[in-house]
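**Student:** Protein chains in written order, with the numbering used here: chain A, 1 to 387; chain B, 1 to 387; chain C, 1 to 128; chain D, 1 to 128.
Because the hints were derived from the structure by calculation, they are not lab data.
One or more hints might be untrue.
Unchecked claim - For lysine-lysine, the following DSS-like pairs were computed, each having C-alpha atoms within a straight-line distance of at most 27 Å:
#: 1; chain 1: A; residue 1: Lys-318; chain 2: B; residue 2: Lys-193
#: 2; chain 1: A; residue 1: Lys-371; chain 2: D; residue 2: Lys-4
#: 3; chain 1: A; residue 1: Lys-124; chain 2: A; residue 2: Lys-303
#: 4; chain 1: A; residue 1: Lys-115; chain 2: B; residue 2: Lys-371
#: 5; chain 1: B; residue 1: Lys-371; chain 2: C; residue 2: Lys-42
#: 6; chain 1: C; residue 1: Lys-44; chain 2: C; residue 2: Lys-4
#: 7; chain 1: B; residue 1: Lys-30; chain 2: B; residue 2: Lys-55
#: 8; chain 1: B; residue 1: Lys-381; chain 2: B; residue 2: Lys-280
#: 9; chain 1: D; residue 1: Lys-121; chain 2: A; residue 2: Lys-381
#: 10; chain 1: A; residue 1: Lys-291; chain 2: A; residue 2: Lys-366
#: 11; chain 1: C; residue 1: Lys-18; chain 2: A; residue 2: Lys-46
#: 12; chain 1: A; residue 1: Lys-90; chain 2: B; residue 2: Lys-114
#: 13; chain 1: A; residue 1: Lys-192; chain 2: A; residue 2: Lys-234
#: 14; chain 1: A; residue 1: Lys-46; chain 2: B; residue 2: Lys-22
#: 15; chain 1: B; residue 1: Lys-192; chain 2: B; residue 2: Lys-54
#: 16; chain 1: C; residue 1: Lys-4; chain 2: B; residue 2: Lys-371
#: 17; chain 1: B; residue 1: Lys-303; chain 2: C; residue 2: Lys-52
#: 18; chain 1: C; residue 1: Lys-118; chain 2: C; residue 2: Lys-86
These figures come from a predicted structure and were not determined experimentally.
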Amino acid sequence: MEKRIVYLDNNATTRVDDRVVKKMEIYFTKFYGNPSSLYDLGFEAKNAVEDARKKISKILNCSDQEIFFTGSGTESDNIAIKGVARRYQKKGKHIITSSIEHHAVLNSVEYLGKKEGFEYSLVKVDSDGIVDIDHLKSLIRPDTILISIMYANNETGAIQPIEEIGKIAREKGIYFHTDAVQAAGKLSLDVKKLNVDMLSLSGHKFHAPKGVGILYKRTGINPIPLFHGGHHEKNLRPSTENVPYMVGIAEALEIAYDEFEEHKKHIYKLKMMLKEGIEKNIDGLVLNTPKNSVFNTLNYSFKGIEGESILFSLNDFKISVSTGSACTSGSLEPSHVIMAMGREDSISHGSIRFSLSKYNTEEEIKYTIEKLKEVVERIRKISPYKV
Amino acid sequence: MEKRIVYLDNNATTRVDDRVVKKMEIYFTKFYGNPSSLYDLGFEAKNAVEDARKKISKILNCSDQEIFFTGSGTESDNIAIKGVARRYQKKGKHIITSSIEHHAVLNSVEYLGKKEGFEYSLVKVDSDGIVDIDHLKSLIRPDTILISIMYANNETGAIQPIEEIGKIAREKGIYFHTDAVQAAGKLSLDVKKLNVDMLSLSGHKFHAPKGVGILYKRTGINPIPLFHGGHHEKNLRPSTENVPYMVGIAEALEIAYDEFEEHKKHIYKLKMMLKEGIEKNIDGLVLNTPKNSVFNTLNYSFKGIEGESILFSLNDFKISVSTGSACTSGSLEPSHVIMAMGREDSISHGSIRFSLSKYNTEEEIKYTIEKLKEVVERIRKISPYKV
Amino acid sequence: MYSKTVMEHFRNPHNYGKMENPDGFGRVGNPQCGDEMIIYIKVKDNVIVDVKFETFGCVAAIASSSITTDLIKGKTIEEALKITNKDVVNELGGLPAIKTHCSVLAEDGIKAAIEDYKKKKLKENNND
Amino acid sequence: MYSKTVMEHFRNPHNYGKMENPDGFGRVGNPQCGDEMIIYIKVKDNVIVDVKFETFGCVAAIASSSITTDLIKGKTIEEALKITNKDVVNELGGLPAIKTHCSVLAEDGIKAAIEDYKKKKLKENNND
Ligand SMILES: Cc1ncc(COP(=O)(O)O)c(C=O)c1O
Ligand SMILES: Cc1ncc(COP(=O)(O)O)c(C=O)c1O
């Protein structure tokens, strides 16, 4: 047991499914053609890409013409936000987003604010980390052109009221984008039901590789591309198509929804087991994950101690978890998400995220509870703050 | 023989080297960590990325801090051009590029011209498709901030006088970018010798996968990023790192330069064999590849007939070649590159590019010459233009 | 990308080649655009009894030329004039949108050849 | 990311815990910044004979605290005051740039504890 890694950081990234690897393989060395090429190798590549697009469109309940491949979740978010803002700025220059978005959204909006003359407002969240719809409504202005609210939060797993926001946006004629990166494989991605105009996904959050994203974009919305070049992806994202990853992300998404109920049951059981185990064995906890959350995520702060020291101590036991989001691990700031929920700084500095996947086992969860208890007790001994 | 594909379109894309596939494999399912994560799986991923960066920096003769990973050649070009233009627009708003650039460069520059108030000038090329240095000099203005000239042309293989242009740019204090996508594995990429400030590469042109690029950027130049998000790639290109492809592109580049002389000898011999075979067996030729060209590329127009019909006919014999560039295969315009060389329209419509790789054999070349002769004769019979 | 029928006609085009002393002759398109088509017709008793084409162009242009010559052979002048580019596309089992102009060229080719035939006939009649 | 020495000190920190009736006591940093450090010292004949720390913070903060207590133990007050954050970093075999402030905190901790000791002594002397 102690030799194997217990990987509980599946909101940071996931292991690629073996079936996905298998699917991609032949596109490296056998069907390696450029999909734009006018010979068999090219046609085969083109077909593979279009089949992938169709598979995805079925899961999102949209036309395959509305599915675009990108190089990452960050890129999808950037195209949606900057692209729409730049295209429709004549209609208005105000954008609404929330205070708990991923930096791909927050920093894009901030950039538009700083450098391109846009204004933006941040919707507050409640202590559960769920956006305040009334506050959102109050922020809408006549010149609001875009609302971007994430579907599920990466740190806490909190599910946001996308359908409702979508309805409000539609009534007001405001474009609505959702960063659904953390929802894939965990919640329905039916864009019709969700009332979204644009939706971003990232392959590596659901057992496809890192470096491939999807942007759903309703026909009729035309973001200005970030790249200019060839005619790929209807000019929205030129670059020779990454055929293996496009095939891979479609396969992974299909697996995720084909096996949805099974994974959900398994993972949710483990989450509840972890929750009960932690709450029974450790005190001085602050739960950061609300009831209405994705089934794989559980986030706690451990009073009196800081997150990084828990991380490194758990790593000594080969348990992988994270504090804040992986993307900000280079920074010293406390989690902006936990802060936005009104927690004190010291609590925000100490949040630990457990995010599970289909590959986790009961044995791993038991082992994690045991080691976590040891670790928290040990570090608390060093701390001036006793619980 | 007739069953196997004869792939002579290696400037469009290449087969991934088996050794590269092998190297990447373990990063999908074993070392699948997020390089930003603070545990062993993350550290291993981070080390893999940094080792890849170092390998590349050795070949480019620069610091590893000057190597950035991107999602494609198009993206590298776009970051270099738009990023620098936007950052330094207070110094001036004039850009120089050539009339034979890839659309990733041409369309980026054109976009800046149309939408962001920049002006640009296109350097002419001579009938060999080589940029006219005197013309370039005459285009430089006090407000010129950026020159972008490709290193080797994708359609003709013509090598451009980068060192010399770099010297001129440096003297005038103008930033200089080169699209070296078609030079990788074929020419020296020593950025010091080349006098370049920025240089773009794309993995899939040298037996790494499609969907990964490199941007060399001299320390001190700070393009505004296209994406905003996390802290990856020093904020220049946020997105969770595509570890397998970063490892893969470094491996492929290393192989290309470790085995450079061997491949060069082999491929050049095949190119000369093809050239002699074509010129001996077919008349009514217009050679579009100059003497000073990369060793793998050979481009002809066949008088009286159009390119696509040659392509499809060769495909019936399982021979893969291209007309114009793959990226523009969706368009009806004649090759802008061949046009820029002063050829007539009908000649530009009929250019055929043969681009070889280390995987080609003499047998394939002989077979190609034989079938090409048949095909050209057959289509000429249908044409009103007799040779 | 192309239908089976398109490829068949491209691989084995019908009725290609020059015609000596045609009754009608139409030249449409130009090499600048990448497509040029010549249609030759022989007419007897108002019926197109023979037709040939010569085409510089892409797969779709050659296939459109070929099928068009099939379509008008044996037809009366009036019947031939009714053939539109849509008929050409249908007979070919479809064409990529970007290649529709090739079928238009074929329609124009027939019209031009018939126009030429009519003009010549008028002249002949006048000369009589 | 961290040197072997850092990890060793983090895993088995030296001299941690509360000290009853210290001669000097320094509290630096604050939990808002993610790091807080308390240094306790016992001084005899101008020599730091015992030292303890309590730290809320990251790996680097805990390791810096630990090594700093080692560094000043047995040193005279004057010697201890000469210890800088650079010494802490060196002893640790380096720290990531972003974590340098943890070593600064440790230096500040010593200074604060010694300051406190001096103040107390002055008071005592005055009371004498
Ligand atoms: C010269 C040149 N520049 C840029 C590119 C674009 O590279 P990518 O397809 O990786 O975006 C290509 C090839 O497609 C190219 O040949
Ligand atoms: C909510 C959310 N949005 C966007 C991203 C960015 O995705 P990527 O790393 O593929 O750019 C992530 C994860 O990194 C995320 O969790």
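**Student:** Among the hints numbered above, which are violated by the structure, and what are their numbers in rising order?
**Tutor:** 1, 4, 5, 6, 9, 11
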